[in-house]
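Chemist: For reference, the chains in residue letters:
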Amino acid sequence: MNQVNNSSFSNNRLINWFKLSSPSTFYPVAGKLIPIFWVLAALFGLAGLWVSFFVAPVDAVQGQGYRIIFIHVPASWMSMFIYLVMATWAGLGLVFNTRLSAMMAQSLAPVGAWMAFLSLWTGAFWGKPMWGAWWVWDARLTSELILLFLYLGFIALQASIDNPRRADKAGAILALLGVVNIPIIYFSVKWWNTLHQGASVSLTKAPAMAQTMFLGMLLMALCFWMYSIAVGLMRVRAIILEREAHTDWVRQLDEVKI
Amino acid sequence: MWNSPAEFFAMGGYALYVWSSFGICALVLLLEPLTIRARFKAIIRRLRQEHLADQFDRENGK
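Chains as they are written, first to last, in this note's numbering: chain A, 5 to 262; chain P, 66 to 127.
None of these hints come from the bench; they were simulated from the model.
Please read these numbers as outputs of a predicted model, since none were measured by experiment.
Backbone N, C-alpha and C define an ideal beta-carbon position, used for all residues, glycine too.
Treat each hint with caution, since some may be false.
Stated by the list, open to error - Far from chain A, some chain P residues (derived; all Cβ distances over 10 Å):
#, residue
1, Ser85
2, Glu115
3, His116
4, Glu124
5, Asn125
To be verified - Keeping only pairs whose Cα atoms sit at most 35 Å apart, straight-line, the calculated DSBU-like set for lysine-lysine is:
#, chain 1, residue 1, chain 2, residue 2
6, A, Lys23, A, Lys132
7, A, Lys194, P, Lys106
8, P, Lys106, A, Lys261
9, A, Lys36, A, Lys194
10, P, Lys106, A, Lys132
11, A, Lys132, A, Lys194
12, A, Lys261, A, Lys23
13, A, Lys173, P, Lys106
14, A, Lys23, A, Lys194
To be verified - To be clear about the criterion: a stretch of chain A counts as covered by chain P if any three or more of its residues have a C-beta under 8 Å from a C-beta of chain P, and this derived list gives those stretches:
#, stretch
15, 62-75
16, 114-127
17, 226-239
So here's chain P without its partners, still in its complex pose (with noise of 0.2 Å):
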């Protein structure tokens, strides 16, 4: 179908939508994924930033 990768980059013309679209697609499926990762690690973080001030209470606590 396609007879060059130049041929399969212009689209037959419609590069301009065909490509936006799919490019806009593509950087919103990537970067969902990795803001909820630094959500995750951010919440992660704090718990464990908890958890060591709770065990540093226990051993200076007397």
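If we strip away everything but chain A, and leave its shape as in the complex, we get (with noise of 0.2 Å):
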């Protein structure tokens, strides 16, 4: 009866969300979403490049040269959220052990360490005119250089072990110990006195820039942020076919039959 009752349950539910934890119905339905996301990445990335390029007007006090705001901003936007959802996910592995959230953990990793270089990389381009410095040793620049440190050990751990899911377990250590670092990234500019300038973009104010500008930042960080999920669920498809090359249903997938 209650067996019943359960089936009938889970069958009146248009998707079942738990199935989507099982790699083997996972694989196939990243493999459809991966164009959608690449599609609104481009349309994000070319609106916001046209609103950066020209629409928005040029700042009063850094020329041109502040238009390296728009991909400094959302790179280090999706540098603290990527970490942020990928902690979640090793965390999830952790407490439910299951395989595909540190699998999604793993392929969010080099991602989000692209995302912290860039954020660096552009950040020395944007600071060596302005401020004269390639690089200054302040809490925000520093605290953003540990967390890419912090991507890159969680890369380097789950590579130097050899059982994937002790492998999984380590890293998620890693992942959710590094966590507090995101809460001083973000207030960094206002616990210490710093040569960054403070926040862009609060929640609480509204922006104090051009309208404009604002929009070709959003733009952009909408664009990252898809560009993310493609990259992140390609990678997810690779790691699934790597880990679970042993079993059957990998093996009865039309891509490897032929």
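With the hints as a guide, dock the two chains, each given alone in a separate frame, to form the complex.
Modeler: Okay, here's the thing in structure tokens:
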């Protein structure tokens, strides 16, 4: 009786979300989602670049050099946001012992590391003309550098442990410990006197910049966001196949059976 | 805002800084999906080879 009820309950739902937590059901779904996110990334990217270069006015103080903001801020936002998502997946994997969550965390680490790298790189190329220095040991810059090292540490730690399940657990603990760095980065410009300017956009105040500048940053951030999802899904599909190579469902895949 | 393409590329004297930021960004966002595609193709190739080897074993097994 109980079983009958259970099965009808799950059949009545449009999508059974728990089913998606299995790599074999998630693999084809991810494959269908990837093109959608690529299209969205391209659309937001083209619109964002158009606004960044042709609509947003020149800055009164920094001239045309300020246009670096349109990739610097989105890359910095994404480097922090991806870390939180990665740590969440890693934590879920640790608590529920689900394979797919750990794979998701593993697939997000490199794209997060690249975003942190881009944030530092574009920051250096912005700092040089405006501050006269490529790098200063300022709280904001240093904590962002630590974020890059946390990503690299996560990747290196997982790669150094042969047993994938143990690698997942060790990586998850490192990822969760590293979360403490995220508020430090975010509030560093408030807590310390930094050379880095204060927050460009705050949740509580209206943006202190021209509307079109804000729009350009928002569009570029959406582009980076969609890109990160597309790339994350692409990598997780490769990781799924690598880790599940011995299973029957992988052997039955059309792309393998040819 | 821009009167000529040359003015656009000069970026008001900040060309080096603006274009190296946007250039490296474009390069990273292009290379990452390409390396992932190569990784994906490598695992598919390996799985296909294993599949063919299995088939071969089955046909000549007896």
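Chemist: The output says P/Glu115 does not contact chain A. Does that hold with a beta carbon cutoff of 10 Å?
Modeler: 8 Å, violated
Chemist: Next pair to validate is A/Lys23 with A/Lys132; report whether the Cα-Cα distance is within 35 Å.
Modeler: 51 Å, violated
Chemist: Run the distance test for P/Lys106 versus A/Lys261: straight-line Cα separation, threshold 35 Å.
Modeler: 14 Å, holds
Chemist: Please work out if A/Lys36 and A/Lys194 have their alpha carbons no farther apart than 35 Å.
Modeler: 43 Å, violated
Chemist: Please settle this one: P/Ser85 was flagged as non-interface, so is its CB more than 10 Å from every CB on chain A?
Modeler: Non-interface label on P/Ser85 violated, nearest chain A Cβ at 5 Å vs cutoff 10 Å.
Chemist: Would you check whether the claim that P/Asn125 is not at the interface survives, using Cβ distances to chain A and the 10 Å cut-off?
Modeler: 19 Å, holds
Chemist: Hint check: A/Lys132 vs A/Lys194, CA-CA at most 35 Å. Holds or violated?
Modeler: Holds, because 23 Å separates the two Cα atoms, which is no more than 35 Å.
Chemist: Given the hinted pair P/Lys106 and A/Lys132, is their alpha-carbon gap at most 35 Å?
Modeler: 41 Å, violated
Chemist: Please confirm whether P/His116 is truly not at the interface, meaning its C-beta sits more than 10 Å away from all C-beta atoms of chain A.
Modeler: Incorrect as stated: the minimum Cβ-Cβ distance to chain A is 6 Å, not above 10 Å.
Chemist: Within the stretch 62-75 of chain A, is the number of residues with a Cβ closer than 8 Å to a Cβ of chain P three or more?
Modeler: Since three or more residues must qualify, the claim that chain P covers the stretch 62-75 of chain A holds, with 7 doing so at under 8 Å.
Chemist: Holds or violated: are the alpha carbons of A/Lys194 and P/Lys106 at most 35 Å from each other?
Modeler: 47 Å, violated
Chemist: Can you confirm whether the C-alpha distance between A/Lys173 and P/Lys106 stays at or below 35 Å?
Modeler: At roughly 28 Å apart (the allowed maximum being 35 Å), P/Lys106 and A/Lys173 satisfy the hint.
Of the numbered hints listed earlier, those contradicted by the structure are 1, 2, 3, 6, 7, 9, 10, 14.
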